[in-house]
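Model the placement of chain B on the given structure of chain A, informed by the hints.
2 protein chains.
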Amino acid sequence: LALAVGLTKSTVSLLVRELLAEGWLIEHEVVATGELGRRPTPLFIDPSRLLLLGAEVGVAEIRVVATTLTGVVLARKDLSFGAAMSLTGCVASLSAAVQELHQELAGDDRRILGMGVGLPGGVDEASGVLRFSPNLGWHDVPFGALLAEQLRGTPLAGVPLYVQNEADVAALGELEFTVARQADPLLYLSINQGVGAGVIVGERLLTGARGFAGEVGHMVLEWAGPRCTCGRQGCAEALISPRAMLGDSGPLPGPASGSPVGELLRRLDAGDAATAKAVNKAGKYLGVLLQNLATAYDPACIVVGGSCLQLGDALLQPALETLRTYAAAAQLEPPVVQISSFGADAVAVGAAALARYRLTRPLIAPGAQHNNLPKGT
Amino acid sequence: LALAVGLTKSTVSLLVRELLAEGWLIEHEVVATGELGRRPTPLFIDPSRLLLLGAEVGVAEIRVVATTLTGVVLARKDLSFGAAMSLTGCVASLSAAVQELHQELAGDDRRILGMGVGLPGGVDEASGVLRFSPNLGWHDVPFGALLAEQLRGTPLAGVPLYVQNEADVAALGELEFTVARQADPLLYLSINQGVGAGVIVGERLLTGARGFAGEVGHMVLEWAGPRCTCGRQGCAEALISPRAMLGDSGPLPGPASGSPVGELLRRLDAGDAATAKAVNKAGKYLGVLLQNLATAYDPACIVVGGSCLQLGDALLQPALETLRTYAAAAQLEPPVVQISSFGADAVAVGAAALARYRLTRPLIAPGAQHNNLPKGT
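Protein chains in written order, with the working numbering: chain A, 16 to 392; chain B, 16 to 392.
Hints should not be assumed to be uniformly reliable.
Same chains, same names: a pair is fine if it fits in one copy or spans any two.
In silico SDA-like cross-links for lysine to any residue, where the CA-CA straight-line distance does not exceed 20 Å [unchecked claim]:
{"no.": "1", "residue 1": "LYS296", "residue 2": "GLU37"}
{"no.": "2", "residue 1": "LYS92", "residue 2": "THR169"}
{"no.": "3", "residue 1": "LYS299", "residue 2": "GLU348"}
Because the hints were derived from the structure by calculation, they are not lab data.
For reference, chain A alone in the conformation it holds in the complex (with noise of 0.2 Å):
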């Protein structure tokens, strides 16, 4: 350890021990290696003492995680709304889950270390103002503000919170928690109603002039196609949606019939051709959006998660044999793409993931790099 941090070892000690004191690490016992010389004592990230929030905010639903520092689960709450949720009670409900799970596992030797929101829009990080939301209607929300408000004067009240886009700390969460992070650029591809991205570069998120880098959803992939929920026409999101499928599929369920995708999944497991032929279409679509990702940004790997996973080879399939096409037709190698190991947690876990992201990692803003001219050469 000495040697890989450049100190000696006795200062590496004393940080040890102030690390361990503190809760960020945790000894275990010493084992046997058989090899000469005093054993050496292991030591891991302390995967108990110190924890994180994290919140996705979905359309109608919102899901609520404490994670360990490494970003194991240890508890998670739902909450579901009907198909309209406002924003008071967004931040009246978020406000209070986070303040239950805190309750149930913060205590003496427990604390939480900082919180993450994932909201469905861009996202201007450093004010915490939601830009635009299309799914759920909501311009320019002081959202980070909202929610400090909200958790005035409860023990939550001194936890540094951060929101961010869904997609971006999705991504997030791959870097953090994955193996994943050796994949430089790394892209977190979220579909839901909501399509979006997240991008990572060199470790950073590419977050764009307003907070909108990586809304991908809308791209517009066909020339006055159909109408999107942002206002534009043949948009991603409005090809590959669940809504779209179902546009495409027959008659729109009444509220009664559940979720976009399990009306989907009821649709497909009853045999329907329409349905089928519906996922199919959009599953096409969405390898044209995976490929437009690769010429824009050519990444090392494309993760992809979100509720319309649960579709499985009928979406994916003809989704990446559309990749694995446009590659062939080129002469390259198509990108890399991998299905989230977080599942339907991977917005929640990825909140978390921002927190430990902004709290551990060196700030280094745009343009901090300055044209120097050195002395010669």
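What follows is chain B alone, placed relative to chain A:
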């Protein structure tokens, strides 16, 4: 100056004297400022003694420029080939052209600091390999090594040499030599026979896992659209490039009719309605591409350049109109679109900028930021 860099006045004086001696800086005459105290000596980047070389390798032509450290073009050479340019012919001609420029300009107190080359395809800059150029039909060509080999034994043998994609270098030209450096992310969209983008985020070039990031000419805009030179169908390039416009406007001209853009201009001037319609259609698809670039990267500014800009409003007006329509539908501001101030020199000057960029900025390797947990909060 001492205040700005945080060094003592005497150290700054020493460093400035060194920079003056090496040709980086120049002192101008002392001017009366009307203020009290010793009049300050204004310092400027020396435009005369340290030069950069930049080359654009096109599909059937090469342009080489020599510039000052601030991107002012001092000399220029153009080479035209028939429709097909061989790799060996290209390297030999390029080598001869840069040597001619060097001979014309370099002297006892003038030296070439570095040289850059912009190539029409995906480039792995570290190895100097051109991965794939659909329009040249070249695959995995070690262009940097071939050119270095050709320059062996010449006065340019020791000069640092860099190769990169043409749109990438043009983006660096905007970053290094214009005020657009304040725009982050900054995109340069190159619209020639090939279409591609250079993307700069936080003053760093986005290159991707294999050097293909920004190859947005091969973003698919139309399912089962026209066949592209890359082999795919429906790529932006197959809908926007001059050859696509000519194909839509009537029978292809023979080789005697000059460049495709020249032929389009001739037909537009002659009032050909089919050509006007074809250029308008390409402009609309250019608008779709610009809209998709905006969703992918959320740029603060998109600079457009390339030979197609000669078509002027016939191409740009429908493009910008399409972009505005999409933005208005989503109730968002359209991204800022600017025409490159370097005109037809954009890639060659950008290649010179690549040399300045690599020689004067510290290379931050992707992944250099490690996940070091700090001592606590």
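State the violated hints by number, sorted upward, taking the hints as numbered earlier in the document. 1
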